[in-house]
Structure formats: structure tokens, C-alpha cells
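So the sequences go chain by chain: C and L. Residue 331, in the working numbering, is where the first sequence stops; the numbers in between run on with no holes. Residue 131, in the working numbering, is where the second sequence stops; the numbers in between run on with no holes.
Derived by calculation from the structure, the hints in this document are not laboratory data. Fair warning: this is a prediction, and the values are worked out from it, not measured in the lab. There's no promise every hint is true.
To be verified - Which residues of chain L face chain C? A partial, calculated answer using Cβ under 8 Å:
1) D3
2) N25
3) S28
4) V45
5) E57
6) Y111
What the hints assert, rightly or not - Chain C residues, not near chain L, derived (Cβ > 12 Å throughout):
7) F7
8) P59
9) W74
Idealized CB from N, CA, C, for every residue including glycine.
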Amino acid sequence: MRVLYPFIAVLALIVVAFLGGKVTGLQYLLGVVLPYLAFGVFIVGFANRVIYWAKSPVPFRIPTTCGQGKSLPWIKQDRLDCPNNKLEVTGRMILEVLLFRSLFRNTKAEIHDGPKLVYGSSKSLWLFALMFHYSFLVIVLRHLRLFTEPIPFFVPLVEFADGMMQIGAPRLYMTDAIFLLAIAFLFARRLTLRHIRYISLPADYFPLFLIFAIGLTGILMRFVYRVDIAAVKQLTAGLASFSPVLPEGIHSIFFIHVTLVCALMVYFPFSKLMHMGGVFLSPTRNMSNNSRAIRHINPWNDPAIKPHSYAAYEDEFRDFMKDADIPVDKE
Amino acid sequence: MYDAGKIIPGLIIFVGLMLFAIFNNAGSKVEAPKLEKPVGVKECVKPVKYMKESHMELLNVWRDEVIREGKREMIEVEGKLYEKSLQNGCMRCHTSKKKFCDVCHEFASVYPYCWDCHVAPQADMALQEAK
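Chain C on its own, in the form it takes in the complex (with noise of 0.2 Å):
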């Protein structure tokens, strides 16, 4: 079920939006209200999410320290995973964004004959992770091309590299062959991992479900049904300037394109995806680890309520404690 029901949810976008993209007065809709309804949301709902967690205080040092900490001089410091200060905690985040490097300590753990348990270093997914991630990006620069009129320079560069293989005509991009790749390894490791499926959700797998979706209604939209990419664009950087024209005759995969890339934009700010902005306030990864040099003042202490020693409170109880047998540090 909970497999099954995200992806039927997909299914259910998929054929209103085939069903719509046959309809002239819904194609407007699916085309043009839709995109920048979604796109509101996603922007307006990404600030939204990102400015409430960042109402809640984080008074304490939390950060997940993964090596020496700053001690003794003739002690090494593990810098990047035990940052002290904010010029290593910017080194950690760096690559932490770039990089997962907290997916590339991923650990497996299996029980063999005996029965034994066994640990073992596990790269999969970081390596996945890694290649869904930047074909995503790529993916997302190139098509701004759609979106630009005049087209940025760096649009042009990134398709020449992306397509550099020459396969086909239209070319075949290594980042659309290599995006499908990783997303059907991210769900079958959901699906034949025990301990993965077993922690599963359906907001797991809707994502991935819509993802692949889009990828896939994209690489048909590219090889199989096409359109005519010129009508398309009117229709695209009409969006993005404020004046977009409807073109007539586009097959209705365009419109199935289109709206899976929308319940994507509306889904982002409410689920998981939300990783994205997530990613840099992770108070278990941008803090310094430093509460040993640096007294960090919780900010909701009440400035009226001053320190209370131990010997002050046993002054106060003395008599109490005696009574009731407690020992005392001063008779």
C-alpha cells in the first residue's frame, strides 16, 4: 500500500493532465494558470518553511562531531569533522552541499551464518545520490533555454557537454539517461532493502514516483511524441516574461510534462524535498563545536534569575538537609 498508492497517485496526475491537454480551455489552464500558481507557491511556501525553522532557537551546541575535537596542541584536530570555528564549519557545509559527505559514511549492516553481525561500508548511495543530484541540476540549466530570451551563455556550454557523445538526433544527454539510472536505483534499494522498507513511507516513494515521471515524460517528449520546441518556447519565456501565447496543436504529453513538473513545484515546500534549504540549516552540521572555549548563553534565560551556587543553595537548606540526613559539605 505504500507503494501502491503514491503511485497511483502519479498515474491519477498523469491522466488528468492527458485528459486536460486534449481540452482547448483546460490546455490554458494546465499551460499557463497552473505554472504560475505552482511556481508562487513553491517559492512563497519554500521562504515560509525556511523562515518558521529558523524562529526556533538552537541555544545548544549540537553538532554531530565525527573526529578529534580541538584539545591539547600536541592533540591532531580532526578541522573538517570536528569543526572549531566558522572557517572550518563553512569547509564542512561546503562539502557536505556539494559533495553528501555525510551520505558517503553510510553504513550497511548484515547478519551472516552464526549468527554474526557484520558492518561493512556502503557507497551506493552516496554515489546514486550524487549522480541523481547534479544530472537534476544540469537538467534544470539546461532547460533554461526555454525559459530565456536571449538565451544566457553558459545555457549553449552546458548542452554541448551534456550532449558530447553525439548519439542520435536529437542528441542524447548523459544527464537524462543518468537521472532515470539513479532514480530507479533510489527506489529499488527502497524496495529490496529490508530495513529500508521497512522505514519507507508513502512520502517516500511519491517523489520518486513523480521524479521519474517527469524524466521520463521529458525524454519522450524529446524522442517519441515530439513537439514543436519552437511553439513551446513561446509559450515557456512567454511565462517568464509575463506574456505567454498559447500555441495550438501540442501533443498532449507537453501538457502531462508540464503539470507533473507543477505537483512537483506545489509538493516541494510540505515534504522531504525540503532538504534543499534544509541542508543548510542543520544545526547538527553548521554549528562549531566549541561550548569547551565559548560560554554559549541560552537566549530565552531569564536575565533576572542570577546564578545559584551550590554552596549558596546548601546555606539556604542547611538546617533541611540536616533533618532529613543529607550530607553536607559545610557542618
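Dock chain L against the given chain C, drawing on the hints supplied.
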């Protein structure tokens, strides 16, 4: 709000990047590409819709047939013979690369590698030959 000094600029950068296309397009008008159509010829080897969407596929098939398999025979469409060739077929009628091919290609940022091998014919020479 905590750490507003870092989070707000971060958000502004994010929204700015997301709105990149809008800033980029400001002041320029998106206009449908205008092609120079051949004079006196109404029909192509395939219907207009197919040519708009899938001409690259046809050219790719022709390339394979002619260069790799040596099948150079002409194709006949509605009694008219066409040579399976970019320079001697397509560009007999669509004489100018600049005013035909490039118009849509540049609009959609498509840079086909036809011209790695082919030389775009001089427009006036091709016209003369056609006569």
C-alpha cells in the same frame, strides 16, 4: 527569528536565482521565429507538422543511409524527385541557412553538428542552380 543575518540573505539569493529567467527576460520580447519560406514551392518531403517537429530524425536517417549504407537513390514524393542530401536536397529550396535553419535553432538554443562537415551553400549560387 534567529540567525536572520545569515538566513535572510540566503533566502534572497535563492529567490533571486529562482527568478533568474524573469530578470534575464526583462525588456526583451519573446517573438515567434520568422522563417524565410522558399519562393514558388509549397510542398516538402513530409507534411509541415512533421518537418517542424521531427526533421532532425529524417536527416539522421538520410545521413546513415547515404553515408554508411551508400543508398543514394532519390526519393519521390507526389511525383517530385528529391535528393537525399542536406546541401543538394533541403537547401535547393531553403536556400539560406541563416534565414531558415538558424532562425529556429538559435531561438531554441539548438546547435546541430550538421555544419561540422557540411558547408552552408551561398544563397545566391543555390538560387541560380535551382533556375
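May I ask which of the numbered hints given earlier this structure violates, with the numbers listed in increasing order? Structure breaks hints 4, 8.
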